[in-house]
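Residue-level listing of the chains:
Protein chains: 4
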Amino acid sequence: MGTCTFRASSEQALQRRATVLKDSGLGVGWRGGDLGKGNSYRFKSPDGHDMELVWDVEYAQVAPEDKSPLLNRPSKRPAQGIPVRRLDHVNLLCSNVTKNKDAFLDLLGFRLSEHIVAGDGSEIAAWTRVTSLAHDVAFMLDATGSRGRLHHVCYWYGYPQHLMDVADLFAENNITVEAGPGKHGISQANFLYCIEPGGNRVELFGDAGYLIFDPAWKPITWTEAELARGIIWIGSSLPAEFFRYGTPIVHESVGSVAAE
Amino acid sequence: MGTCTFRASSEQALQRRATVLKDSGLGVGWRGGDLGKGNSYRFKSPDGHDMELVWDVEYAQVAPEDKSPLLNRPSKRPAQGIPVRRLDHVNLLCSNVTKNKDAFLDLLGFRLSEHIVAGDGSEIAAWTRVTSLAHDVAFMLDATGSRGRLHHVCYWYGYPQHLMDVADLFAENNITVEAGPGKHGISQANFLYCIEPGGNRVELFGDAGYLIFDPAWKPITWTEAELARGIIWIGSSLPAEFFRYGTPIVHESVGSVAAE
Amino acid sequence: MGTCTFRASSEQALQRRATVLKDSGLGVGWRGGDLGKGNSYRFKSPDGHDMELVWDVEYAQVAPEDKSPLLNRPSKRPAQGIPVRRLDHVNLLCSNVTKNKDAFLDLLGFRLSEHIVAGDGSEIAAWTRVTSLAHDVAFMLDATGSRGRLHHVCYWYGYPQHLMDVADLFAENNITVEAGPGKHGISQANFLYCIEPGGNRVELFGDAGYLIFDPAWKPITWTEAELARGIIWIGSSLPAEFFRYGTPIVHESVGSVAAE
Amino acid sequence: MGTCTFRASSEQALQRRATVLKDSGLGVGWRGGDLGKGNSYRFKSPDGHDMELVWDVEYAQVAPEDKSPLLNRPSKRPAQGIPVRRLDHVNLLCSNVTKNKDAFLDLLGFRLSEHIVAGDGSEIAAWTRVTSLAHDVAFMLDATGSRGRLHHVCYWYGYPQHLMDVADLFAENNITVEAGPGKHGISQANFLYCIEPGGNRVELFGDAGYLIFDPAWKPITWTEAELARGIIWIGSSLPAEFFRYGTPIVHESVGSVAAE
Numbered sequence: 001m002g003t004c005t006f007r008a009s010s011e012q013a014l015q016r017r018a019t020v021l022k023d024s025g026l027g028v029g030w031r032g033g034d035l036g037k038g039n040s041y042r043f044k045s046p047d048g049h050d051m052e053l054v055w056d057v058e059y060a061q062v063a064p065e066d067k068s069p070l071l072n073r074p075s076k077r078p079a080q081g082i083p084v085r086r087l088d089h090v091n092l093l094c095s096n097v098t099k100n101k102d103a104f105l106d107l108l109g110f111r112l113s114e115h116i117v118a119g120d121g122s123e124i125a126a127w128t129r130v131t132s133l134a135h136d137v138a139f140m141l142d143a144t145g146s147r148g149r150l151h152h153v154c155y156w157y158g159y160p161q162h163l164m165d166v167a168d169l170f171a172e173n174n175i176t177v178e179a180g181p182g183k184h185g186i187s188q189a190n191f192l193y194c195i196e197p198g199g200n201r202v203e204l205f206g207d208a209g210y211l212i213f214d215p216a217w218k219p220i221t222w223t224e225a226e227l228a229r230g231i232i233w234i235g236s237s238l239p240a241e242f243f244r245y246g247t248p249i250v251h252e253s254v255g256s257v258a259a260e
Numbered sequence: 001m002g003t004c005t006f007r008a009s010s011e012q013a014l015q016r017r018a019t020v021l022k023d024s025g026l027g028v029g030w031r032g033g034d035l036g037k038g039n040s041y042r043f044k045s046p047d048g049h050d051m052e053l054v055w056d057v058e059y060a061q062v063a064p065e066d067k068s069p070l071l072n073r074p075s076k077r078p079a080q081g082i083p084v085r086r087l088d089h090v091n092l093l094c095s096n097v098t099k100n101k102d103a104f105l106d107l108l109g110f111r112l113s114e115h116i117v118a119g120d121g122s123e124i125a126a127w128t129r130v131t132s133l134a135h136d137v138a139f140m141l142d143a144t145g146s147r148g149r150l151h152h153v154c155y156w157y158g159y160p161q162h163l164m165d166v167a168d169l170f171a172e173n174n175i176t177v178e179a180g181p182g183k184h185g186i187s188q189a190n191f192l193y194c195i196e197p198g199g200n201r202v203e204l205f206g207d208a209g210y211l212i213f214d215p216a217w218k219p220i221t222w223t224e225a226e227l228a229r230g231i232i233w234i235g236s237s238l239p240a241e242f243f244r245y246g247t248p249i250v251h252e253s254v255g256s257v258a259a260e
Numbered sequence: 001m002g003t004c005t006f007r008a009s010s011e012q013a014l015q016r017r018a019t020v021l022k023d024s025g026l027g028v029g030w031r032g033g034d035l036g037k038g039n040s041y042r043f044k045s046p047d048g049h050d051m052e053l054v055w056d057v058e059y060a061q062v063a064p065e066d067k068s069p070l071l072n073r074p075s076k077r078p079a080q081g082i083p084v085r086r087l088d089h090v091n092l093l094c095s096n097v098t099k100n101k102d103a104f105l106d107l108l109g110f111r112l113s114e115h116i117v118a119g120d121g122s123e124i125a126a127w128t129r130v131t132s133l134a135h136d137v138a139f140m141l142d143a144t145g146s147r148g149r150l151h152h153v154c155y156w157y158g159y160p161q162h163l164m165d166v167a168d169l170f171a172e173n174n175i176t177v178e179a180g181p182g183k184h185g186i187s188q189a190n191f192l193y194c195i196e197p198g199g200n201r202v203e204l205f206g207d208a209g210y211l212i213f214d215p216a217w218k219p220i221t222w223t224e225a226e227l228a229r230g231i232i233w234i235g236s237s238l239p240a241e242f243f244r245y246g247t248p249i250v251h252e253s254v255g256s257v258a259a260e
Numbered sequence: 001m002g003t004c005t006f007r008a009s010s011e012q013a014l015q016r017r018a019t020v021l022k023d024s025g026l027g028v029g030w031r032g033g034d035l036g037k038g039n040s041y042r043f044k045s046p047d048g049h050d051m052e053l054v055w056d057v058e059y060a061q062v063a064p065e066d067k068s069p070l071l072n073r074p075s076k077r078p079a080q081g082i083p084v085r086r087l088d089h090v091n092l093l094c095s096n097v098t099k100n101k102d103a104f105l106d107l108l109g110f111r112l113s114e115h116i117v118a119g120d121g122s123e124i125a126a127w128t129r130v131t132s133l134a135h136d137v138a139f140m141l142d143a144t145g146s147r148g149r150l151h152h153v154c155y156w157y158g159y160p161q162h163l164m165d166v167a168d169l170f171a172e173n174n175i176t177v178e179a180g181p182g183k184h185g186i187s188q189a190n191f192l193y194c195i196e197p198g199g200n201r202v203e204l205f206g207d208a209g210y211l212i213f214d215p216a217w218k219p220i221t222w223t224e225a226e227l228a229r230g231i232i233w234i235g236s237s238l239p240a241e242f243f244r245y246g247t248p249i250v251h252e253s254v255g256s257v258a259a260e
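Residue numbers (the working numbering), protein chains in the order written: chain R, 1 to 260; chain Y, 1 to 260; chain Z, 1 to 260; chain E, 1 to 260.
These are computed hints drawn from the structure, not numbers from a lab.
Predicted, not measured: the structure shown is a model, and the values here were computed from it.
Note that the Cβ used here is the ideal one computed from N, Cα and C, for glycine as well.
Do not take every clue at face value.
Claimed, not checked - Here are the computed lysine-lysine pairs in the DSSO-like style, where the Cα-Cα straight-line distance is at most 27 Å:
no.	chain 1	residue 1	chain 2	residue 2
1	R	K218	Y	K76
2	Z	K99	Z	K22
3	Z	K76	E	K218
4	E	K37	Z	K218
5	E	K44	E	K76
6	Z	K44	Z	K22
7	Y	K76	Y	K37
8	R	K218	R	K99
9	E	K67	Z	K218
10	Y	K218	R	K67
11	R	K76	Y	K99
12	E	K44	E	K22
13	E	K99	E	K218
14	Z	K76	R	K76
15	R	K37	Y	K37
16	E	K218	Z	K67
17	Y	K76	E	K76
18	Y	K37	Y	K67
19	E	K76	Z	K218
20	Y	K99	Y	K218
21	Y	K218	R	K218
22	E	K218	Z	K37
23	E	K99	E	K76
24	Y	K99	R	K218
25	Z	K218	Z	K76
To be verified - Among chain Z residues calculated to face chain Y with C-beta under 10 Å, some are:
no.	residue
26	G145
27	M164
28	P181
29	D207
Unchecked claim - Some chain Y residues flagged as far from chain E (calculated, every beta-carbon gap over 12 Å):
no.	residue
30	S68
31	A79
32	R111
33	D214
34	A225
With the hints as constraints, model all of the structure from the sequences given.
Right, here's the structure in full:
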């Protein structure tokens, strides 16, 4: 992951968040506009992931022949491949879940949807949101002890059949599928994980999961005893490397794996 | 429709909205707690639909045997019928779309997602939201000129197959399907309309439609020329009574229908 | 429709059917091998549709790069468009359903799966099979009184979502959809009808319908009273031209349509 | 498995098969009519599975209130659970696949659709058919060396969503899912395996797989090198017990399992 960019809800909101981030010690500073976006305020997660906030963005200019008669669709549905419909969320590996999650809750207005709490009270993973989605940003403990890595970014299809269709094309074309299709308990999402040619894990979502409209939502706490159902509600359990592999790749000694 | 209840995002938000509504002249007054909810502030839409705002609500108490191991699911999935998953939105017939829509935008913080504008500039319909859904409340012109009627309430399935499944059960059991399954352009929702035994129109949604995350979303304007695609993107056109039938039922003279 | 080709189940079967067809007076004669097939025995349906039977066929030669690791799949799944998976059936318009159907039953070993019988006892439509499909060849009364026309040919997708996907691409690209998606009662098939650029109607099937394994299957008889449910089990009723339009196109006078 | 009953295609076919089975040495003899069926000819597979052939069967009598207006549907779709639509196939564990498969091909007119051949030329599994289905009866090598066991019986849903729906109900109600949902390469079937309360493995099919209409179909041969894709085209690999567990259950010593 290079830089993870979030959009503020207004210019004023951007300024307010920049001040808060600066005061928190996580701020890095303003940066002039980049391709497709205006000034951004750069910061780091407690784990060191590079991030920025932006307000001004440039909307895609669509050629007349690519415009859709479906006016709320930015451009025509492509006839090639199984086209994703939008970005859904990002999942960050962390050396300390609570520190990173708390920064998003305290500094950026995220709310906690679900989390996994170990027997010793430590958080193993947390799913947070600023929209009606069950999560926009997730944090998972990096079992290798590394800092600042990416677990995955997720694109959204919205229809279960499209996960089967893309899995079919992956099988035809020798593209690695790490896990799925299956259904998570946490987020209730129909998922597929694959590894893109650059080595990053990409998740694809095949349904809407569940949405959170309750302004007084009480976060769901999963304990280790209940956890298996939370990770996989329908389908096979995830492979061991799901919990250790992230990017950039860290080379673990055999000993450290055996010690797990 | 008896009373349409909306939940405020906090106790303070409820108080602020009550003040705004009172000042607008649409306020009716506070009412003591009712079944499952605390104090509510009652008001009327400009068209006269009965409405209220509430903050305190009582959450469902689920018997131990109905609890789900899927902790974010309030109760076990029933094995009976094709169970809906949540309320989605309400659609109100209005004698004047703009007046009703503007009240929701100006007084209650709704935002406009899409609307239909006639050749003379008047609004025929409008879809508004306070969440990430493309609409929480829609307003449609009542072709009979009546005031304060309900067009439909919508429940959400989220999977296209479930619309086919429920339509199959409806066909088996002689339950009237008014239209669909099909797919709207506006909202991009996979829909089915049926009439419940009491005579109200109920919509059922079979997919997620599209969600709005853009804080600077520009409302989509459909003109009469483009409208057919907006109403039906996939499937047969809606029957004529879709645009006249609402509840309470008004008995139109043959003459007035012929004059249409 | 040029010529409709059926494959016999063996060389001997081809010879036996040729003899039977010749004796029936419907035979036209042998024809030397054509592109992709060996000798064929040509015949006409009672209505005059051109047909032939063949045994020897040339199988597709697939380039190595188009071979699939899924060995029972003749070639890789294309990544372009919404690819159909196989031909399903053909539907023939007839001036006399019974005569045409009986020829297929008596001379070619087809069996009757379902049919529609009018109040006067005449057959309006018939669905016949030689496989486990509910129909391989259907016959429908040509309301224009024409002879030997094609109603439609059907390709098979097998997944309901693929009908929605192709309908989405049709809507994007202004391709005419005549009816559907919906679900027939007769054959229980999830259908979509479109008109291909040459003017022929093409049906697309989105599920498996039902299969017939019962060697003593009693044909299903639909009367006019029950018929609406047989034609459409789920979805909107078919447009009037569905029952009159076929290829080649016949130009009806306004009077004849009005007389309907 | 008590007795596996197949229906002959006519009374004459039943008599012919009885003669052939008797001559083969696999015949057991005629048995008077049983519940819902007439006289049957009983026989054993080479492995000793109990089987019978029957012609006369009693069709279900449906109470008037359970009749469907969908005339080709034997009874109304139930509103309870996720109702299966028909039996699909049976899969038999065998001490010797070739012997059992050959008996079905030579004596009962089955045809070979696909099979797995080990490096030493021995068959590990075979899928055979008498209909257009890719298989009606499958044979798999019993890794425990046992004879005459059942691997699974399969019921058919036909829609992928129904596998997800039933898996959801299984998860809610603590019913064991052994594997899936996933998609086999062999048969191209969307599958789910569960264990019914009596201990038998039941497969559920969520799509149509592929059908075989080619009268000159060449059986597909999977080698061990290609096999993984044949067993699982989409989804996680099958658990080890899938290849050892069958009914009746055999209790393997730890040593024999370890020796595997």
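Quick rundown of the hints versus the structure:
1. For the proposed pair R/K218 and Y/K76, the alpha carbon gap of about 18 Å is at most 27 Å, so the pair holds.
2. For the given pair, Z/K99 sits about 17 Å from Z/K22 by alpha-carbon distance, which is consistent with the 27 Å threshold.
3. The hinted pair formed by Z/K76 and E/K218 meets the criterion: a straight-line CA distance of about 19 Å does not exceed 27 Å.
4. Distance restraint check for E/K37 and Z/K218: the Cα-Cα separation of roughly 18 Å lies within the 27 Å cut-off, and the hinted pair is therefore satisfied.
5. Our distance criterion of 27 Å between C-alpha atoms is broken by E/K44 and E/K76, whose separation comes to about 37 Å.
6. Pair hint Z/K44 plus Z/K22 holds up; C-alpha atoms about 11 Å apart against a cutoff of 27 Å.
7. Between Y/K76 and Y/K37 the CA atoms are separated by roughly 23 Å; this keeps the pair inside 27 Å, and the hint holds.
8. For the hint linking R/K218 to R/K99, the alpha-carbon distance of about 20 Å falls within 27 Å, and the restraint holds.
9. The straight-line distance between the Cα atoms of E/K67 and Z/K218 is roughly 16 Å, inside the 27 Å bound, and the hint therefore holds.
10. Only pairs whose Cα atoms come within 27 Å are accepted, and Y/K218 paired with R/K67 is accepted, the gap being roughly 16 Å.
11. This hinted pair does not check out: R/K76 and Y/K99 have alpha carbons roughly 34 Å apart, beyond 27 Å.
12. Taking the CA atoms of E/K44 and E/K22, the gap is about 11 Å. The hint holds against a cut of 27 Å.
13. Taking the CA atoms of E/K99 and E/K218, the gap is near 20 Å; set against the 27 Å cutoff, the hint holds.
14. Restraint check: the Cα-Cα separation between Z/K76 and R/K76 comes to about 26 Å, which is no more than 27 Å; the hinted pair holds.
15. Only pairs whose Cα atoms come within 27 Å are accepted, and R/K37 paired with Y/K37 is rejected, the gap being roughly 45 Å.
16. Among the hinted pairs, E/K218 with Z/K67 is consistent with the structure: their alpha-carbon atoms are about 16 Å apart, no more than 27 Å.
17. For the hint pairing Y/K76 with E/K76, the CA-to-CA distance comes to about 26 Å; that is within 27 Å, so the pair holds.
18. Restraint check for Y/K37 and Y/K67: satisfied, since their Cα atoms lie roughly 22 Å apart, inside the 27 Å limit.
19. For the proposed pair E/K76 and Z/K218, the alpha carbon gap of about 18 Å is at most 27 Å, so the pair holds.
20. Our distance criterion of 27 Å between C-alpha atoms is met by Y/K99 and Y/K218, whose separation comes to about 20 Å.
21. For the hint pairing Y/K218 with R/K218, the CA-to-CA distance comes to about 33 Å; that exceeds 27 Å, so the pair is violated.
22. A C-alpha spacing of about 18 Å is found between E/K218 and Z/K37, which places the hinted pair at or below 27 Å, so the restraint holds.
23. Distance restraint check for E/K99 and E/K76: the Cα-Cα separation of roughly 42 Å exceeds the 27 Å cut-off, and the hinted pair is therefore not satisfied.
24. This hinted pair does not check out: Y/K99 and R/K218 have alpha carbons roughly 37 Å apart, beyond 27 Å.
25. A C-alpha spacing of about 40 Å is found between Z/K218 and Z/K76, which places the hinted pair above 27 Å, so the restraint is violated.
26. With its C-beta approaching chain Y no nearer than about 28 Å, Z/G145 sits outside the 10 Å limit, and its interface hint is violated.
27. Because the smallest distance between the Cβ of Z/M164 and any Cβ of chain Y comes to about 6 Å, under 10 Å, the interface hint for this residue holds.
28. Below 10 Å, beta-carbon pairs count as interface contacts, and Z/P181 has one with chain Y at about 7 Å; its hint therefore holds.
29. The interface hint given for Z/D207 is met, as the beta carbon of that residue sits about 9 Å from the closest beta carbon of chain Y, less than 10 Å.
30. Not every CB of chain E is more than 12 Å from the CB of Y/S68 (nearest about 6 Å), against its label as outside the interface.
31. Listed as outside the interface, Y/A79 is inconsistent with that label: its C-beta sits roughly 5 Å from the nearest C-beta of chain E, within the 12 Å cut-off.
32. For Y/R111, the requirement that its beta carbon stay farther than 12 Å from each beta carbon of chain E is met, with the minimum near 33 Å.
33. Every CB of chain E is more than 12 Å from the CB of Y/D214 (nearest about 31 Å), matching its label as outside the interface.
34. Its beta-carbon lying about 37 Å from the closest one in chain E, Y/A225 satisfies the requirement of being farther than 12 Å from that chain.
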